[in-house]
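Colleague: With chain A fixed as given, assemble chain B onto it according to the hints.
Number of protein chains: 2
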Amino acid sequence: MKNIPVILMGCGGVGRQLLQHIVSCRTLHANKGVRLRVVGVCDSKSCLVARDALSMELNDTFLTDICRIKSDGLPLQTCIDPGNYEAFPYPESMRKLTDIATRLAFALIDCSASSETIEVINQAISLGCCAVLANKKPLTCSMEEFDKLFIQPRRIRHESTVGAGLPVIASLNRTLGYVMSEVEDGKPFSEVVKAAKGLGYTEPDPRDDLSGMDVARKGLILARLLGHRMDMSSIKIESLYPDKMGPNAMPLEDFLVNGLPSLDDDIKERIKKASSNGNVLRYVCVIENSRCNVGIQELPKESALGRLRGSDNVVEIYSRCYKEQPLVIQGAGAGNDTTAAGVLADILDLQDLFP
Amino acid sequence: MKNIPVILMGCGGVGRQLLQHIVSCRTLHANKGVRLRVVGVCDSKSCLVARDALSMELNDTFLTDICRIKSDGLPLQTCIDPGNYEAFPYPESMRKLTDIATRLAFALIDCSASSETIEVINQAISLGCCAVLANKKPLTCSMEEFDKLFIQPRRIRHESTVGAGLPVIASLNRTLGYVMSEVEDGKPFSEVVKAAKGLGYTEPDPRDDLSGMDVARKGLILARLLGHRMDMSSIKIESLYPDKMGPNAMPLEDFLVNGLPSLDDDIKERIKKASSNGNVLRYVCVIENSRCNVGIQELPKESALGRLRGSDNVVEIYSRCYKEQPLVIQGAGAGNDTTAAGVLADILDLQDLFP
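Heads up: the sequence lines are chains A and B, in that order. Note that full-length UniProt numbering has the first sequence beginning at 1, numbered continuously upward. Note that full-length UniProt numbering has the second sequence beginning at 1, numbered continuously upward.
If you are wondering where the hints come from, they were derived from the structure by calculation, not from laboratory data. A quick note: this is a predicted structure, and the numbers were derived from the prediction, not measured. There's no promise every hint is true.
[Stated by the list, open to error] Now the in silico label distances, taken between C-beta atoms and shown as ranges: (1) Phe354(A) x Leu199(B): 40 to 50 Å; (2) Lys187(A) x Leu199(B): 42 to 52 Å; (3) Met1(B) x Met232(A): 48 to 58 Å; (4) Ser275(A) x Met1(B): 53 to 63 Å; (5) Arg270(A) x Asp72(B): 54 to 64 Å; (6) Pro355(B) x Leu225(A): 44 to 54 Å.
[Unchecked claim] Quick list of in silico lysine-lysine cross-link-like pairs, DSSO-like style, CA-CA up to 30 Å: (7) Lys32(B) x Lys136(A); (8) Lys2(A) x Lys32(B); (9) Lys194(A) x Lys323(A); (10) Lys148(A) x Lys272(B); (11) Lys32(A) x Lys148(B); (12) Lys194(B) x Lys323(A); (13) Lys301(B) x Lys32(A); (14) Lys244(A) x Lys187(A); (15) Lys323(A) x Lys136(B); (16) Lys187(B) x Lys323(B); (17) Lys197(B) x Lys272(B); (18) Lys273(B) x Lys187(B); (19) Lys301(A) x Lys301(B); (20) Lys32(A) x Lys32(B); (21) Lys137(B) x Lys187(B); (22) Lys136(A) x Lys45(A); (23) Lys194(A) x Lys273(B); (24) Lys301(A) x Lys187(B); (25) Lys323(A) x Lys148(B); (26) Lys197(B) x Lys323(A); (27) Lys301(A) x Lys268(A); (28) Lys194(A) x Lys236(A); (29) Lys32(A) x Lys136(B); (30) Lys136(B) x Lys244(B); (31) Lys32(B) x Lys137(A); (32) Lys137(A) x Lys148(A); (33) Lys301(B) x Lys272(A); (34) Lys187(A) x Lys45(A); (35) Lys148(B) x Lys2(A); (36) Lys136(B) x Lys187(A).
Ideal placement from N, C-alpha and C gives every residue a C-beta, glycine not left out.
Next comes chain A alone, as it looks inside the complex (with noise of 0.2 Å):
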């Protein structure tokens, strides 16, 4: 039976899921040959950690209890069980790991949304660890640092950073494949943005996804891996809303009730000018050669993108086997589930990595 020690960063939905694809995945890895021993479980504010990494785990009851805990809002400190495991505060949680690491090759989940996580990532990594990623903030840092993280390929996994639940390492964003398909319908852009944010499609200033640096993360990621150097300063990005509508100009309640009301005779104009040409609009990501644009496309009805519908996501890959006609991959976007369902593919994808 192979063995595979995890520690887990971040609490919020995904990792959360994460964990209960865990508990409730033992008989089918166990079928499999692999067991995902938890020996850590971080969130922004502490770090638990079994009190004997090498060959102690935090066991399922009480990864279920930190499910619950961080569901209700609370903290991971709020856990009493002493004789389990070991607390550690933040920032002293990442040299604890960093120590792990020294003596014990595990596998480290981020699916935090933190900028911070890549130091501990390098370090685990160059003390023999493996590392897997939803954050995608990690892989959009400086190229020195990208490749830093990549100086043993093997040992790095992110699919879920742009696919989600998708089998490839790709995808739009679920907010604005809704507002797109939404908008063309004949609903005022204010509204369906709105509904948008009424149904957890966006993040809780929907700025975050109008701004479109949620699509230009994901796009140069996969510039990236395509091997085009490049930094998001390289990106044309289109956001859906002006600058002086912005998080630092105008605050939220001010943006949704006056702010978004006044853009939706411009999307109207830009959608009707579309039809007229018998084409539809999409907010699509672009990477051809080594250029990168994020941003609202006129595409033919019938194309894959155009035929999109509400959350789904959609990715065309043209190369030289896909030259004429696209490959596509199609289903829906986001969603921790999926998300989770990624994350947990890829730790155990690395089994052959552990003893």
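Modeller: Structure of chain B alone, referenced to chain A:
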């Protein structure tokens, strides 16, 4: 630098394309820290093996020669370069492979279309080797033989057996995809099949495709991957010609000239009926629970399968994560180039199992 020793069985289109990929991707692979060392190449008649399999290899000039000779329709034995390798006639060649496996862990690549390779694959795996299959036949044997192949599940890969270049273990049949979408445009079935044959989409005898056996093989492999313990006999297969026109009852020429055209009216009638329901006909494989059916289905024009044109393949996956909208993967189906690329990806993915 990882060193993966490789032995290839089968020098047809896919095998030759694989050798060409290996030779032309040397720099790319070196940049990723991997080197593929081709130790032996077999066709149905014989096997050429480097004199000292532990350290020598068939060099790139020689591999290119092999491709040229085989693409001229000549047997491997035609190669003359006695300093470099030893030749073993079949079946001694298979014993030679087992002999090498006792001393060297290599990746055994099956690009043949033979049902005889399963024994040497089983032996190689039990001796510590890995196997990559583009050949479907070893995977559609009895459940007992299938289980033996997967006794070391990480050591066997076969992405290309059902998906050609598509990044999934799944696909339809190129010929049938082409045929079904062309007849829809009003062309007679018999003419479309002949056109497909002319385009090189079909097997030399198009009945090999029209029988549905190729799709059924893929269906069986997929169903087994999903955990269903079934055999070919449990699959309901709809052939596009009646038994009395089968290869044992009617010569190929007779089938093309007289058999095929007699089928036109029936197909035309079925298309008309489907069309009156707003549907189209597609040749599909449906796996649901432990049932696997292969044949013509009436499907909505607007579904992913219904929209399929030409020789593209499409796979729809419904699962817990993809409940309402399926995960859809679509792209060119077969083709030596994409299949060989899939085989190569499988080989590279074995690298962690090599020292």
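Colleague: Compare the structure with each hint and give your call.
Modeller: Consistency of the hints with the structure:
no. : hint                              : verdict
1   : Phe354(A) x Leu199(B): 40 to 50 Å : 48 Å, holds
2   : Lys187(A) x Leu199(B): 42 to 52 Å : 46 Å, holds
3   : Met1(B) x Met232(A): 48 to 58 Å   : 33 Å, violated
4   : Ser275(A) x Met1(B): 53 to 63 Å   : 56 Å, holds
5   : Arg270(A) x Asp72(B): 54 to 64 Å  : 58 Å, holds
6   : Pro355(B) x Leu225(A): 44 to 54 Å : 27 Å, violated
7   : Lys32(B) x Lys136(A)              : 23 Å, holds
8   : Lys2(A) x Lys32(B)                : 26 Å, holds
9   : Lys194(A) x Lys323(A)             : 40 Å, violated
10  : Lys148(A) x Lys272(B)             : 61 Å, violated
11  : Lys32(A) x Lys148(B)              : 15 Å, holds
12  : Lys194(B) x Lys323(A)             : 25 Å, holds
13  : Lys301(B) x Lys32(A)              : 40 Å, violated
14  : Lys244(A) x Lys187(A)             : 24 Å, holds
15  : Lys323(A) x Lys136(B)             : 26 Å, holds
16  : Lys187(B) x Lys323(B)             : 37 Å, violated
17  : Lys197(B) x Lys272(B)             : 25 Å, holds
18  : Lys273(B) x Lys187(B)             : 16 Å, holds
19  : Lys301(A) x Lys301(B)             : 15 Å, holds
20  : Lys32(A) x Lys32(B)               : 28 Å, holds
21  : Lys137(B) x Lys187(B)             : 34 Å, violated
22  : Lys136(A) x Lys45(A)              : 20 Å, holds
23  : Lys194(A) x Lys273(B)             : 45 Å, violated
24  : Lys301(A) x Lys187(B)             : 27 Å, holds
25  : Lys323(A) x Lys148(B)             : 39 Å, violated
26  : Lys197(B) x Lys323(A)             : 22 Å, holds
27  : Lys301(A) x Lys268(A)             : 17 Å, holds
28  : Lys194(A) x Lys236(A)             : 26 Å, holds
29  : Lys32(A) x Lys136(B)              : 23 Å, holds
30  : Lys136(B) x Lys244(B)             : 27 Å, holds
31  : Lys32(B) x Lys137(A)              : 24 Å, holds
32  : Lys137(A) x Lys148(A)             : 14 Å, holds
33  : Lys301(B) x Lys272(A)             : 27 Å, holds
34  : Lys187(A) x Lys45(A)              : 43 Å, violated
35  : Lys148(B) x Lys2(A)               : 20 Å, holds
36  : Lys136(B) x Lys187(A)             : 51 Å, violated
The structure fails hints 3, 6, 9, 10, 13, 16, 21, 23, 25, 34, 36 (numbered hints given earlier, in ascending order).
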